[in-house]
Amino acid sequence: MSHKRFLAWLLPALVTLAVAGTAMAADLATLVGNLAAGGYSERDAAITALAASGEARAAPVLEALSAGELYVRTADKVVVIARGSGKQLSLVDAVTGKEAGSASEDALDRIKVNNRLRGTIDAAMGALTLMNPDPKVRRAAAQSLFTRRDASSLEPLDKAIAGEKDAAIKRAMTEARAAIVLGTDAPAARKIEAIDTVRARGDRDALGVLLAAAASANAEVKAAAATAAESVRQRLDAWQAAQNVWYGISLGSVLLLAAIGLAITFGTMGVINMAHGEMVMLGAYTTFVVQQTLRSVAPQLNELSVIVALPIAFLVSGAVGVVIERTIIRFLYGRALDTLLATWGLSLVLQQAVRTIFGPTNREVSSPSWMSGSFLVGQIEVTYGRLWIVVFALLVFAALLLVLRRTPLGLYMRAVTQNRPMASAMGIRTPRVDALTFGLGSGIAGLAGVALSQIDNVSPNLGQGYIIDSFMVVVFGGVGNLFGTLLGATALGIVNKFLEPYAGAVLGKILVLVFIILFIQRRPRGLFAQKGRSVE
Amino acid sequence: MNAPRSTSALLYLSGVTVSFDGFKALNNLSLLVEPGEMRAIIGPNGAGKTTMMDVITGKTRPDSGEVVFDGTADLTKLDEADIATLGIGRKFQKPTVFENHTVRDNLLLALAGLRRWYRLLLAQPTKAEHDRLEHILDIVRLGPQQHMLAARLSHGQKQWLEIGMLLAQNPKLLLVDEPVAGMTDVETETTAQVLREVNKSHSVVVVEHDMSFVRALDVKVTVLHEGSMLAEGSLDQVSADPRVIEVYLGR
Amino acid sequence: MMTRFLWTGMGRNLRLFVLLVLTVGIAVPLLNVLMPQGSPLYVPSYVLQLMGKYLCYASLALAVDLVWGFCGILSLGHAAFFGLGGYCMGMYLMRQIGTRGVYGNPVLPDFMVFLNYKELPWFWYGFDQFWFAAAMVVLVPSLLALALGWFAFRSRVTGVYLSIITQAMTFALLLAFFRNDMGFGGNNGLTDFKDILGYSVQADATRAVLCFASALALALFLVISGAVVGSRFGKALTAVRDAESRMRFLGYRVEGFKLFVFVLSAAMAGIAGALYVPQVGIINPSEFAPGNSIEAVLWVAVGGRGTLVGPVIGAFLVNFAKTWLTGALPEVWLFALGALFIVVTLLLPKGIVGLWAQIKSRNLARKAVSA
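Heads up: the protein sequence lines correspond to chains A, B and C, in order.
If you're matching positions, the first sequence starts at 4 in my numbering and goes up one per residue.
If you're matching positions, the second sequence starts at 2 in my numbering and goes up one per residue.
If you're matching positions, the third sequence starts at 136 in my numbering and goes up one per residue.
Just so you know, these hints were derived from the structure itself, not from any lab.
Per the computed footprint, the stretches of chain B lying under chain C, defined by three or more beta-carbons under 8 angstroms from a beta-carbon of chain C, are: (1) 85 to 96; (2) 103 to 110; (3) 114 to 120.
Short, incomplete list of chain A residues facing chain C, as computed with Cβ under 7 angstroms: (4) Ile-275; (5) Phe-334; (6) Ala-339; (7) Leu-340; (8) Ala-345; (9) Gly-348; (10) Phe-474; (11) Lys-512; (12) Leu-516.
Glycine included, every Cβ here is placed at the ideal spot set by N, Cα and C.
Chain A with its partners taken away, still in its complex shape:
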């Protein structure tokens, strides 16, 4: 297309637009002016008329009216939108949308609205925004109409549906239309058609509409609505269950993180480390310290502080673990109950030490932006923070399996747990393997601490809340079996979340505890018991 031909085409178009624009503006001025005139009932009519005009300016004007920000300037009777605080309000011409200086409140007359008018405005707005060029606004409008189901919106809705190009928004509008139809006295056939449309939508709002329709006088409609409602309810229940499964997996991943280190120390070494929770706590405090340090040294790295904290937390908790093993636990091998008591004492010391250094109150650990926010999968809400923790737990699990199966340390560890004297005779330095194994378990607890610092209060008591749960997971899954731990954590997490709605969080927890106690009675060696002579 050449320039000339293009201009030849463009010019008349522009002219037409300009002319049309002025004509509309004039029209708009009258419509807006009507808002200021007469009593409430006239104003009501004016609102509907303005909304029906389909003007782009109608929406902001009506919004202002609803918010009590629409005024008439006493001096020239021009309708303005006035915003701001204090004596001088800044003004915007309601019709043109241009700035119109400022004025004190004394020089203005507010156009009053009551609740009934606000209702009218809301309904009108719904219809109005259906034409908005922004697809998000249109979608929101359709949604708001669906919930409000105002019969007067039927006409603009039909218009909007005809003009809508976006399939998803069009569907939303059709659904809104169907919902409205159900509230009118349309013939039964149309209503049943509408019921199908609403049923297809299948969310909680749809259920509400269908339940209302089920109260209909027409038997046919009533039956159709009832069946539709039932099917929607079933679908919602399924979504709810899916949501619970997700919550359960999320809780399970936290349990897994807390328990997986224990599965090493308790499961493969047979050491009951009651201070395991404190290793987690140390990891969380390491995160705090790393974050504080980065904030003052390299603020641009703040977003990555959690990642920086991971290896450091692993090393801190791991080193503490090695020290504990060398100074206390190695003297207590074969005396499980004494180990339990000594490590309990150790947990008290560690808690008190942290309390002395960092104070007894919660410490604030901030989340990076890539861990905040959420998205929807179907009707399941997934927060990024939880998602990352699930991913992280699985990564740690996989890494641990790799270490156990593919590295010399893993080989030595397995050799030592299976037959200590033989491993020792073959030249494996068993004390060093013990220390490293314990350090590995503790280090993983430190990693768990980094993750938990994102979702739990970082306080000296952080670890206490997890120790019993972690033991339950390890025992439930079967001692010495990592996959059992994975399954045990997930199962316990999900069971917990499914019990919560029926029994409340506390009672749910109690029920889970009782369940595990009973379970251990049935299968003292866990879900995946290792059988054989070596067990005892």
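We have chain A already, so just place chains B and C on it with the hints.
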């Protein structure tokens, strides 16, 4: 497979299979022990000797097969305490005596009779018990050590104390697991004597590695291999069996 | 028969120790009540109260030792039995308040009025009678122990598994009693008691009697434990502790032995808790905290497990240290407590009594050498 078959044998094992995580510790094992018999069981490591003991004493439940004691009692349905009360005594490979009790108390605890906790609360020592304890102390040659803590006995003395405890239990059948492991030659000799003495009034099953000891016992021998019976007969017969030689001397 | 049973079990040392407990239990209350305040022999009321508390702790320690030291069952949930006994007593004391409560309701305790209860929950019936409450003090902990033990011992849950189960049990109770709708006063628990059997719980004379009762209970528990441990049952019990499966192969039903001591021990802990509550004036869910149970285990470890005198000594020493340190240097206490756990398990596995015996036998040996 309904009621356990009744048999004249004191101990009857038929088709017993036990597997641990896919590994068959016992594979279709059958064994007969007659009343009054002493039987030696030999076999290389991992042949299933200890697992067989576990099955007989109720510690391990077989996956399939029959275990019948004294003609009628189905041992697969009973627990350790029931089986012990029926009259099967067991001596472990590693001597397990009650180290914090005196020799005499060890025997007292083993003495046939009172087993229920509520009976023991008010039990007083009787003359009959006293006599029986003295008798057993004589047999196992521990009279002078009777007030010593069992922990302070020598290894051999602990083995004898355990045999004494078995006698005190007065079982119909004694299961003895490697009684001479770690013993001196003299102690081994004495142990063989003690067992032959015991065999006069009890049936005995001995599991042992030590061939000279088995030879000294001079009884019927069963060879286990990979969880099943490989050969049975006198020691000379089984040592001549080429399959036994292969198992013991390697491929 | 019964007296003979109780008497024969006791060695000479134990008889002397029981006498000592009784003497203290009589002397301290008497000196408080009879002596004038200025007298050098006067025992201040706070000492009397502390003594009563320590005596209850000592009974709890003895209960823990009976199962741990003599039967190898490390219970990390004995504070639960102690707490349940305490709650039973607390319920009786609540019912005694009657119209003297803030809301003046003759039947409902204050917290129920506050929580809009319309009527008394069924499990509060009968607690206005002392005999009923006293029976419950024994029955409730015993039945819990019976149920838990029956399941656990029959399915051969032993060692650390059992420890963790008992800890989970007390943790579950902690969570449960924190709930307001359990009907036990939520996290405030039961408090503001007025009188017991018609006597004011605040009065010195009542406290003196309660202190004496605690001493009497401890003495009785020592005698009973001594008899149980000294009988042939006791021999079997320690044999179960040392080699459980050996006992099974000897034909013993190990579960029965364990269950009996576990229930006996729970009942003792329950009574100790019931005597404790009127002396401290409050019972709340924090009594169920897992840490409490483990602290009781520490008393036993410090004093000497597997002895009857040890737990009593341990309970007195550790609690004296706690009272003194939490007053003088509160931040140091948890360090000290934690270190005590480690030191005792590493260096003093037989506790103070064991150390004493070791020193004595070494002296004897030295004498024998020099003679």
